[in-house]
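Heads up: the protein sequence lines correspond to chains A, B, C and D, in order. Just so it is clear: in the first sequence, position 249 is 511 by the numbering used here, and no numbers are missing. Just so it is clear: in the second sequence, position 325 is 587 by the numbering used here, and no numbers are missing. Just so it is clear: in the third sequence, position 215 is 244 by the numbering used here, and no numbers are missing. Just so it is clear: in the fourth sequence, position 157 is 186 by the numbering used here, and no numbers are missing.
Please keep in mind that the hints were generated in silico from the structure rather than gathered at the bench. Every residue gets a Cβ at the ideal spot worked out from N, C-alpha and C, and that includes glycine. One thing to keep in mind: the hints can contain errors.
[Said to hold, decoys possible] Under the rule of at most 30 Å between Cα atoms (straight-line distance), these lysine-lysine pairs were calculated in the BS3-like manner:
| # | chain 1 | residue 1 | chain 2 | residue 2 |
| --- | --- | --- | --- | --- |
| 1 | D | 298 | D | 250 |
| 2 | A | 370 | B | 556 |
| 3 | D | 192 | B | 370 |
| 4 | A | 564 | D | 84 |
| 5 | C | 305 | B | 441 |
| 6 | A | 564 | D | 305 |
| 7 | A | 541 | B | 460 |
| 8 | A | 569 | B | 541 |
| 9 | B | 583 | A | 370 |
| 10 | A | 583 | B | 541 |
| 11 | B | 370 | A | 514 |
| 12 | A | 541 | A | 583 |
| 13 | A | 541 | B | 583 |
| 14 | B | 304 | C | 250 |
| 15 | A | 569 | D | 84 |
| 16 | D | 298 | A | 564 |
[As the list claims (entries may be wrong)] Which chain A residues face chain D? A few, computed with CB under 10 Å, are given here:
| # | residue |
| --- | --- |
| 17 | 296 |
| 18 | 297 |
| 19 | 320 |
| 20 | 321 |
| 21 | 344 |
| 22 | 387 |
| 23 | 390 |
| 24 | 446 |
| 25 | 556 |
| 26 | 558 |
| 27 | 563 |
| 28 | 569 |
[What the hints assert, rightly or not] Negatives, chain A to chain C, calculated, CB over 12 Å:
| # | residue |
| --- | --- |
| 29 | 316 |
| 30 | 318 |
| 31 | 323 |
| 32 | 362 |
| 33 | 414 |
| 34 | 460 |
| 35 | 480 |
| 36 | 486 |
| 37 | 489 |
| 38 | 506 |
| 39 | 575 |
| 40 | 579 |
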Amino acid sequence: MRTITYREAIREALQYKLEDDERVFLLGEDIGIYGGAFGVTKGLLEQFGTERVRDTPISELGITGVAVGAALTGMRPIVDIQFSDFLTLALDQIVNQAAKIRYMFGGKASVPLVVRTPSGSGTGAAAQHSQSLEAWLAHIPGLKVVQPATAYDAKGLMIAAIEDGNPVIIYEHKLLYDKTGTVPGQPYRIPLGKADIKRQGTDITVVATGILVQRALQAAHILAQKGISVEVIDPRTLVPFDEATVLESVRKTGRALVTHEAVERAGYGAEIASIIADKAFHALQAPVKRLGGKAVPIPNNKRLERKAVPQVEDVVTIVEKMMNFSITT
Amino acid sequence: MRTITYREAIREALQYKLEDDERVFLLGEDIGIYGGAFGVTKGLLEQFGTERVRDTPISELGITGVAVGAALTGMRPIVDIQFSDFLTLALDQIVNQAAKIRYMFGGKASVPLVVRTPSGSGTGAAAQHSQSLEAWLAHIPGLKVVQPATAYDAKGLMIAAIEDGNPVIIYEHKLLYDKTGTVPGQPYRIPLGKADIKRQGTDITVVATGILVQRALQAAHILAQKGISVEVIDPRTLVPFDEATVLESVRKTGRALVTHEAVERAGYGAEIASIIADKAFHALQAPVKRLGGKAVPIPNNKRLERKAVPQVEDVVTIVEKMMNFSITT
Amino acid sequence: MNEKKIRTSEHPVTKEEALRSVSSRSSNVHIDKSEAISLYKTMLRIRYFELAVEKALENGEFHGTTHLYNGQEAVAVGVCSELRTGDMITSTHRGHGHSIAMGASVRKMMAEIYGKATGYSKGKGGSMHIADVAGGNLGSNGIVGGGIPIAVGAALSAQMQRKEHVTICFFGDGATNEGSFHESLNLASIWNVPVVFVCENNKYGMSSSIDVMTNITDLSKRADAYGISGITIDGNDVLQVKQTARQAIEHARFGGGPTLIEAKTYRYKGHSRSDKQVYRSEREVAAYKKRDPIELFERSLLEGNILDESNIVTMKDIVKEEINDAVTFARESEEPTECELYRDVYA
Amino acid sequence: MNEKKIRTSEHPVTKEEALRSVSSRSSNVHIDKSEAISLYKTMLRIRYFELAVEKALENGEFHGTTHLYNGQEAVAVGVCSELRTGDMITSTHRGHGHSIAMGASVRKMMAEIYGKATGYSKGKGGSMHIADVAGGNLGSNGIVGGGIPIAVGAALSAQMQRKEHVTICFFGDGATNEGSFHESLNLASIWNVPVVFVCENNKYGMSSSIDVMTNITDLSKRADAYGISGITIDGNDVLQVKQTARQAIEHARFGGGPTLIEAKTYRYKGHSRSDKQVYRSEREVAAYKKRDPIELFERSLLEGNILDESNIVTMKDIVKEEINDAVTFARESEEPTECELYRDVYA
Ligand SMILES: Cc1ncc(C[n+]2csc(CCOP(=O)(O)OP(=O)(O)O)c2C)c(N)n1
Ligand SMILES: Cc1ncc(C[n+]2csc(CCOP(=O)(O)OP(=O)(O)O)c2C)c(N)n1
Ligand SMILES: [Mg+2]
Ligand SMILES: [Mg+2]
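All chains, full assembly: derive it from the sequences and hints.
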């Protein structure tokens with residue numbers, strides 16, 4: 263099958279929906295001739311014109327609100343927030359308006375809105391351009407939250423999100439844009455709320471999201487050589503969350519690690535770990551562990567930046583420790 | 263000792279610091295002659311004048327940013343955000359600026375800023391005026407997060423927060439403003455990061471925050487009559503979090519419930535539950551349970567509104583269930 | 030649309046002056062009798078609705094707060110009377126008047142305020158979240174300035190869908206200091222979408238006088254920052270409002286782009302239930318009440334022989350009856366069932 | 030300060046015209062020789078600093094991105110030359126020029142860009158977060174518009190502390206469409222704090238032309254929305270910048286309140302490292318380079334016999350050497366130790 267990048271996979275999904283559904287349009291800063299800060303929308307302006315690939319002023323709150331209004335009145339806008347850190351400026355419209363309008367209006371309205379935004383560290387862009395705040399939006403009833411970790415997932419989840427009919431926030435990861443994967447040319451959907459077992463294993467379950475999916479897979483490879491069989495699960499969507507797949511795995515392995523790049527404290531990993539610790543209580547042969555970002559802003563210095571968030575070796579180390587844990591100690 | 267309301271206790275703390283430290287000033291919407299939306303600042307304008315009790319336009323982002331700038335240059339501003347839901351408009355300044363400035367500038371600056379804001383439901387103000395988003399800010403390195411649950415704590419924590427030297431967010435609760443408690447007339451400080459055992463018990467630990475502290479205490483009273491001895495712990499500050507006090511209690515009781523009004527999904531309770539499930543693993547005789555708000559926007563209708571968040575009877579029910587749990591089932 | 034009418038409303042003009050100006054300013058407004066009666070009746074409906082809400086609130090008949098529109102009726106009614114089917118509005122926390130002016134059912138509105146299952150939002154929204162998206166009301170809004178970009182988005186929809194629908198965006202004076210105001214007016218201007226911004230300057234944002242919270246005399250001047258037209262009018266003169274709205278709406282509908290209308294008016298009641306109104310004098314309130322928008326219009330209807338005193342009494346009785354019926358309906362309606370708590374979170 | 034100078038910079042004027050205008054506009058600016066040389070040298074320092082940063086970036090010598098100031102030197106230098114000890118600035122993502130104009134150490138700046146322990150922020154901030162709070166630079170900022178309310182807050186501090194310090198708030202044309210711009214200018218106006226807003230209109234916000242992103246010709250017009258003075262000037266004429274800044278700063282310092290200065294200028298380099306510059310033509314860039322702020326000033330210094338060619342060559346060599354030294358310093362400095370990761374989160 264074809265191999266394309268994560269960036270191209272997203273672009274294909276956008277392109278498909280722009281062709282397929284005239285209600286769909288994109289808006290955001292520098293998404294036109296510039297092709298977006300990470301090149302995702304390159305070429306779409308030329309194909310679909312300035313009305314449907316709409317460059318905006320630097321007005322995150324305003325453009326998100328415009329998208330809410332357009333969604334409420336029959337369109338299917340897709341907002342590009344150039345860095346997910348800038349969502350801090352648009353949250354009233356996402357959290358107080360988009361997420362709640364349907365409920366506040368007794369079900370007599372809907373807001374089919376997609377917000378795409380790149381998150382994560384690793385580019386040296388420092389504290390204000392490197393955050394991973396997906397837990398925030400996962401806390402809000404009325405929103406769905408998607409975090410594709412592969413090119414294949416990115417295309418299928420993006421199409422599903424655009425067709426979903428609810429406000430959906432898609433956290434892309436900057437370091438993934440260049441990663442390649444096999445992706446069908448045809449459109450396809452990945453249902454929101456279906457986890458993916460990225461690698462099967464029997465000794466321990468690693469629930470990883472975003473960039474940590476790749477790192478967990480690399481760690482699993484290393485650990486396999488050490489005789490540890492790791493099952494890697496990618497929830498793909500935080501809301502809805504596929505509890506069943508995760509719990510089934512933990513009931514099988516008896517051990518669980520939850521890992522993400524976001525700051526560990528009050529990150530979404532706490533939600534997943536709490537669910538496992540509660541609902542797989544009897545199966546657990548060791549405490550559920552979390553491995554998330556350190557409680558520090560992301561520094562610019564490359565070495566420090568790397569240390570601020572979990573790397574492959576950190577996953578390896580903690581899994582080894584967890585495998586050495588015995589219930590009787 | 264004197265009995266005053268939670269509202270008055272906060273006012274006394276503000277008044278004390280306004281008298282004590284000329285760098286301290288208040289700014290916010292309608293905090294002057296109106297006395298704040300919940301009457302907390304009533305009388306302060308008359309005492310300290312318009313310069314230090316500064317009414318602002320409806321510009322949450324702007325006034326928070328002004329406070330950041332003032333804090334950076336030698337003042338000790340206290341911003342009043344009229345409802346915590348409106349923090350969504352000010353988060354760039356809190357999260358990208360205040361929380362990170364010290365770190366980004368290599369420790370050569372500080373932002374001694376306090377943000378006071380009322381949260382919670384129960385007043386019929388519906389979805390956009392009833393949220394409890396303290397978990398968001400607890401996720402951000404560089405911020406401290408305080409949630410006073412009694413008049414006594416409110417005064418001591420407020421004074422400590424103003425003197426802290428870091429950006430501190432104080433979540434007050436609307437339903438607590440009228441609650442009374444014994445409060446010394448003299449100023450005193452409650453260190454940020456010190457939990458309070460609000461009631462001692464031996465059978466189960468209930469970690470409760472905000473309005474749930476009162477409800478957990480009422481539940482404990484009912485449960486005592488049913489022969490269940492509940493220990494109620496109020497962390498008082500989410501960041502820093504007093505892990506030791508909580509873990510010690512759970513190691514003693516063997517059971518833990520974590521409860522708050524905020525939406526359970528990705529709420530701060532998940533953080534606390536994860537810590538307990540990990541670090542008190544051996545002591546646990548039953549799974550750590552969470553009891554938080556339902557995953558719905560807060561509705562206006564009184565009956566539904568009540569059902570949306572944990573009430574006394576919900577705490578009673580879940581504790582009884584947890585006590586019936588046996589490790590061998 | 031380019032000339033600015035500057036009017037200082039520091040001291041309300043006398044009744045006599047007001048009336049003269051009503052008739053003179055309205056001289057070029059041609060409305061027939063039935064339309065005039067409809068304007069008058071809608072204003073009455075709003076007034077009596079709000080009085081009923083106030084009473085219910087005082088009696089503790091519903092849960093939550095409310096923001097009453099008394100005194101501002103001419104703005105909602107004048108503007109919305111110029112709308113066609115398919116046109117839309119966004120409203121604010123002080124939204125009952127806008128809803129009624131859009132032809133909402135007062136029964137469903139009152140039921141919503143009472144938190145009942147028969148309300149517009151099944152009792153889940155309450156006073157601050159009345160909406161009727163199908164009927165063109167995109168919703169009141171609890172966030173000051175929250176509706177402004179939403180209105181621009183609705184207007185953008187109309188533009189992209191090649192429909193000739195106009196969106197009216199209502200907001201208060203206080204909202205003009207929110208960043209959303211700025212970003213939204215700029216977006217509306219550069220995209221030339223069919224939206225009319227209607228700022229109801231009732232002198233206060235909660236307790237804060239707009240004269241203290243901005244350093245300009247007329248908020249309509251802010252239009253210049255976006256290259257659009259701005260105009261300040263007497264918001265208590267329903268015909269002047271109507272006439273100005275007509276021009277701005279036509280302008281927007283046929284590709285002329287947005288306008289910012291500042292309608293100077295006054296709110297009679299406290300900001301919300303908790304307001305003790307210490308920030309303004311009773312004298313000020315009394316002075317403004319002398320230029321009551323309903324009385325002003327009533328007088329010109331009488332003088333123009335469009336209505337006589339007995340017509341007016343009859344109409345008031347009819348409207349009061351309608352409102353009483355709405356209250357009875359609200360009182361007697363069922364509460365939403367518990368499963369409603371979980372419904373409508375997602376589509 | 031109330032009159033507006035309207036200048037369309039669609040087509041850059043010729044060198045000859047530019048020069049004439051420099052001397053004429055600057056006629057009322059009295060600066061002595063040493064001051065002139067200092068302005069010139071600071072501009073050179075910025076230019077060579079940025080060229081060195083660009084080279085280092087191309088060679089992959091540091092991690093992260095950077096936004097170069099080449100072409101805009103006259104703005105930072107003209108404005109900051111009017112500041113006194115205790116005065117402050119807030120800066121932007123494109124902040125190297127502002128730092129240097131504030132007298133920052135180019136060694137510590139370069140080390141910061143290289144992520145080294147000897148940098149202003151110990152390598153934790155990088156290019157976008159250079160600050161020297163003690164020295165009056167309250168920091169560059171990665172958030173467009175993020176520094177604007179912070180500047181107002183710093184000015185408020187000065188006002189409340191009864192100090193005569195002025196804060197300069199630098200931002201780009203693109204930032205004027207952020208809500209923070211609007212809220213901040215309004216706050217500064219109603220509180221009359223000593224701040225000067227300096228908008229560097231370099232025609233683009235990343236790829237977006239400000240002419241497309243607003244519907245007005247001069248951004249200084251936005252001052253009217255807040256009841257403050259606004260003025261549009263030639264940002265490539267260092268003496269004009271200096272002269273305008275002097276008036277605005279004096280005005281602010283002695284209780285006259287804020288001013289909005291729009292300095293029209295141009296950025297030579299791409300927005301940041303990833304920019305392919307497809308949104309503008311090479312011809313446009315070349316045309317603007319004909320009005321290079323450094324060359325313009327150089328010429329008037331030569332014509333005024335303040336410097337001769339050999340002085341200039343010497344000065345350039347000195348500055349280049351200074352920058353080379355900074356690069357060497359940065360390269361040879363230590364990286365921060367791992368425990369720095371955990372430090373400085375809290376005071
Ligand atoms: C973002 C936000 N800030 C503050 C409030 C609290 N609040 C509600 S209405 C109001 C005053 C609004 O003033 P204005 O826009 O003039 O409308 P009016 O109440 O006069 O109709 C305030 C401060 C809010 N609801 N939303
Ligand atoms: C809130 C926010 N939105 C978007 C960006 C991405 N961004 C960085 S600089 C820039 C352009 C800024 O334009 P302008 O204000 O004119 O400054 P210039 O780059 O021209 O100096 C953009 C869009 C950002 N950093 N912050
Ligand atoms: Mg008002
Ligand atoms: Mg620019």
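Restraint: residue 321 (chain A) near chain D, CB-CB cut 10 Å. Satisfied or not? With a minimum Cβ separation of about 5 Å from chain D (threshold 10 Å), the hint on residue 321 (chain A) holds.
Minimum beta-carbon distance criterion (10 Å), residue 344 (chain A) to chain D: holds, 9 Å
Under 10 Å is the threshold here; is the Cβ of residue 390 (chain A) close enough to any Cβ of chain D for the hint to stand? holds, 4 Å
Given hint residue 558 (chain A) near chain D, where the shortest CB pair must fall under 10 Å: Interface hint status for residue 558 (chain A): holds (5 Å vs cutoff 10 Å).
Residue 298 (chain D) and residue 250 (chain D): Cα distance at most 30 Å? Holds. Residue 298 (chain D) to residue 250 (chain D) sits at ~28 Å (cutoff 30 Å).
Keeping to a limit of 30 Å between CA atoms, is the pair of residue 370 (chain B) and residue 514 (chain A) held or broken? Not OK: residue 370 (chain B) and residue 514 (chain A) at ~51 Å, beyond 30 Å, violated.
Taking C-beta pairs only, is residue 575 (chain A) more than 12 Å away from all of chain C? holds, 40 Å
Over 12 Å to the closest beta carbon of chain C is the bar; see if residue 323 (chain A) clears it. violated, 6 Å
Separation of residue 362 (chain A) from chain C, once the least beta-carbon distance is taken, above 12 Å: violated, 8 Å
Hint consistency between residue 541 (chain A) and residue 460 (chain B) [alpha-carbon to alpha-carbon, up to 30 Å]: Status holds; Cα separation ~29 Å.
Verify the proposed pairing of residue 541 (chain A) with residue 583 (chain A), using a straight-line Cα cut of 30 Å. With Cα atoms ~23 Å apart, residue 541 (chain A) and residue 583 (chain A) stay inside 30 Å; holds.
Is the Cα-Cα distance between residue 298 (chain D) and residue 564 (chain A) 30 Å or less? This hinted pair holds, its Cα atoms lying about 25 Å apart.
Checked against the numbered hints given earlier, this structure breaks hints 9, 11, 14, 24, 29, 30, 31 and 32; the rest are met.
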